[in-house]
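**Q** So the protein sequences, as listed, match chains R and G. Residue numbers for the first sequence, in this note's numbering: 1 to 301. Residue numbers for the second sequence, in this note's numbering: 302 to 531.
Please keep in mind that the hints were generated in silico from the structure rather than gathered at the bench. Treat the numbers as computed from the prediction; the structure is a model and nothing was measured. Some hints here could point you the wrong way.
Claimed, not checked - Selected chain R positions facing chain G (in silico; Cβ < 7 angstroms):
1) G64
2) R68
3) A116
4) L118
5) P132
6) P136
7) S290
8) R292
Claimed, not checked - According to the in silico footprint, chain R covers these stretches of chain G (three or more CB under 8 angstroms from chain R):
9) 361-368
10) 392-404
11) 429-435
12) 458-466
Unchecked claim - Okay, derived cross-link-like pairs now, DSS-like style, lysine-lysine, Cα gap no bigger than 30 angstroms in a straight line:
13) R:K127 x R:K139
14) G:K441 x G:K424
15) G:K451 x G:K441
16) R:K139 x G:K424
17) R:K3 x R:K117
18) R:K288 x R:K3
19) G:K441 x R:K139
20) R:K127 x G:K424
21) R:K8 x G:K424
22) R:K117 x G:K451
23) R:K117 x R:K127
24) R:K139 x R:K117
25) R:K288 x R:K8
Where is the CB? At the ideal position from N, CA and C, for every residue including glycine.
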Amino acid sequence: MSKLMTMKEAIGRFVRDGDTIVIEGFTHLICFAAGHEIIRQRRRELTVCRLTPDLIYDQLIGAGCVRRLVFSWAGNPGAGPLHALRRAVEQGVPNSIELEEYSHFGMVARLAAGAAKLPFYPLRDYKGSDLPRVNPQIKTVTCPFTGEELAAVPALNPDTAIIHVQRADENGNAHVWGLMGVQKEAAFASRHTIVVAEEIVPESVIRADPNRTLIPGLIVDAVVHEPFGCHPSYAQGYYDRDNAFYIAWRELSQDVANFNAYLDEWVYGVRDRGEYVERMGSALTRLKASERYCEPVNYGY
Amino acid sequence: MATEFTANELMICQAARQLRDDEVVFVGIGLPNIACNLARRLHAPDLVLIYESGAVGAAPTRLPISIGDPSLVTDSLSVCSMFDVFNYYLQGGLVDVGFLQGAQIDRFGNLNTTVIGDYAHPKVRLPGSGGACEIALLAKRVFVIAPQRKRSFPERVDFVTSPARPAMVVTDLGCYEFVDGEIVLMSIHPGCTIEQARENTGWEVAIADDLRLTEPPTADELRVIRDMMI
Chain R
1 MSKLMTMKEA IGRFVRDGDT IVIEGFTHLI CFAAGHEIIR QRRRELTVCR LTPDLIYDQL
61 IGAGCVRRLV FSWAGNPGAG PLHALRRAVE QGVPNSIELE EYSHFGMVAR LAAGAAKLPF
121 YPLRDYKGSD LPRVNPQIKT VTCPFTGEEL AAVPALNPDT AIIHVQRADE NGNAHVWGLM
181 GVQKEAAFAS RHTIVVAEEI VPESVIRADP NRTLIPGLIV DAVVHEPFGC HPSYAQGYYD
241 RDNAFYIAWR ELSQDVANFN AYLDEWVYGV RDRGEYVERM GSALTRLKAS ERYCEPVNYG
301 Y
Chain G
302 MATEFTANEL MICQAARQLR DDEVVFVGIG LPNIACNLAR RLHAPDLVLI YESGAVGAAP
362 TRLPISIGDP SLVTDSLSVC SMFDVFNYYL QGGLVDVGFL QGAQIDRFGN LNTTVIGDYA
422 HPKVRLPGSG GACEIALLAK RVFVIAPQRK RSFPERVDFV TSPARPAMVV TDLGCYEFVD
482 GEIVLMSIHP GCTIEQAREN TGWEVAIADD LRLTEPPTAD ELRVIRDMMI
């Protein structure tokens, strides 16, 4: 049965007030289209998890959707701090938020434990760092075989994962190439998964190259077709990262009025991603990726 | 060689010269990225660049603005998940050199990228660890590139994000190494003075008996750096 639906429907069904969500993608394949729909539906009291909150969580925080942020590196990559996050932390604007912070390895380990349905994950980390002092969730465990003391972090099992992919079939079997971050772990760890795809393809396209399937349809609840759904993030082979937007955000987000004007124009002011793409026009099409195809492989036997 | 050069160019060269061919280096964005790509194009063509985003053996043809730039994927040797990067490559002991930066570095090599001031009520909230804490603990050697100011070189950092014991710290004034767990000025850059190094350190900094003058960048090094910066 097809799981295809609109973004409005997918967010309406699988992101509720008070939920814990993860929109993953390390620089690559960050689903801004889903973040914008969450803002449009005015979700509140969310716990949002991501290694790198990036601009998408800066926007969710500034829009008042967030109660708690679980993360490992909070900045505008290559362009300074996240100003809406700082306003929330330092001044409680528009509301104060709680921070729960790890290192990247700690967040990866939390999602890996969550995906494997284990209670925690051991790692050689944090010895001598102040992070365990400010985050009591980072503990130690003694290896029952060697007696070595290891760091341990608890499983993270979000309510919903939102994963952007290059192509998927209507059941959610999804091909991803380029940087894969922790998307697989995030999807397997979450109770629900929304797959958002640049292209919807027949199942035969997936079956012709099964090694490229990062997310299997059996853990997917909803499939959304959303071309340019990552902008200003990127999709390898489809469009480049809009670095100019990330740099412009540094100035734009410093001022609450400018921040709100951005949301009014580009989030509340559009019906859906389709209208955003239409209005962006050549600002998006100029980012179209160049062509670099690889050699085909033979799956025959 | 009387060619003019900037402090950044000198720092990049100093870092690049420490990298040996065939080593595996965990690359950070900014100056470390230029240093690694400089080494790869000059004396260390077989240097393996790993980015925490999952690109292994990356060969970027443009200067990546972020650590997850698509140019790190195109023509790399392998692209793996971040689970693989941190578990198999870093914790697995395959990383020879890791680069770190910090808003503060102290007398003992600890780095702070979390907060200035108190954690609960910070004066400045910084980005946090990212991969820095585990790079500090799991890479065989750690290099730090950081501009040197009194407030960024305190005796003790406000928050220990990364408990590093760097093999080398290169600043815009000189190069430091750790002797008996304490930072020591080993060479001073051309045009800089010991007095400047003292004034920009938050404690009475130790100076090597055989203090040297840092080798300035060669014409070759400057040409490659400037090619990359365009």
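**Q** Evaluate each hint against the coordinates.
**A** Status of the hints after comparison with the structure:
1. G64: Nearest chain G Cβ about 19 angstroms off; hint violated.
2. R68: violated (15 angstroms)
3. A116: Because about 11 angstroms separates R:A116 from the closest Cβ in chain G, which is outside the 7 angstroms limit, the hint is violated.
4. L118: Violated. Min distance 14 angstroms.
5. P132: For R:P132, the interface hint is violated, since the closest Cβ of chain G sits about 10 angstroms away, which is over 7 angstroms.
6. P136: Not OK, violated: R:P136 not within 7 angstroms of chain G, min 13 angstroms.
7. S290: violated (9 angstroms)
8. R292: holds (6 angstroms)
9. 361-368: holds (count 3)
10. 392-404: violated (count 1)
11. 429-435: Held - the stretch 429-435 of chain G has 7 residues with a Cβ nearer than 8 angstroms to chain R, which meets the minimum of three.
12. 458-466: holds (count 5)
13. R:K127 x R:K139: Holds, at roughly 11 angstroms.
14. G:K441 x G:K424: The given pair, whose Cα atoms are some 33 angstroms apart, is violated under the 30 angstroms limit.
15. G:K451 x G:K441: Measuring from Cα to Cα gives roughly 29 angstroms; hence the hint holds.
16. R:K139 x G:K424: holds (27 angstroms)
17. R:K3 x R:K117: holds (25 angstroms)
18. R:K288 x R:K3: Holds. R:K288 to R:K3 sits at ~28 angstroms (cutoff 30 angstroms).
19. G:K441 x R:K139: The given pair, whose Cα atoms are some 24 angstroms apart, holds under the 30 angstroms limit.
20. R:K127 x G:K424: Given that 30 angstroms is the threshold and the Cα spacing comes to 26 angstroms, the pair holds.
21. R:K8 x G:K424: Given pair R:K8, G:K424 is violated - Cα atoms ~40 angstroms apart, limit 30 angstroms.
22. R:K117 x G:K451: violated (48 angstroms)
23. R:K117 x R:K127: With a Cα-Cα distance of about 26 angstroms, the restraint between R:K117 and R:K127 holds, given a limit of 30 angstroms.
24. R:K139 x R:K117: The hint holds at about 19 angstroms.
25. R:K288 x R:K8: The given pair, whose Cα atoms are some 26 angstroms apart, holds under the 30 angstroms limit.
Consistency note: the structure conflicts with the earlier hints numbered 1, 2, 3, 4, 5, 6, 7, 10, 14, 21 and 22.
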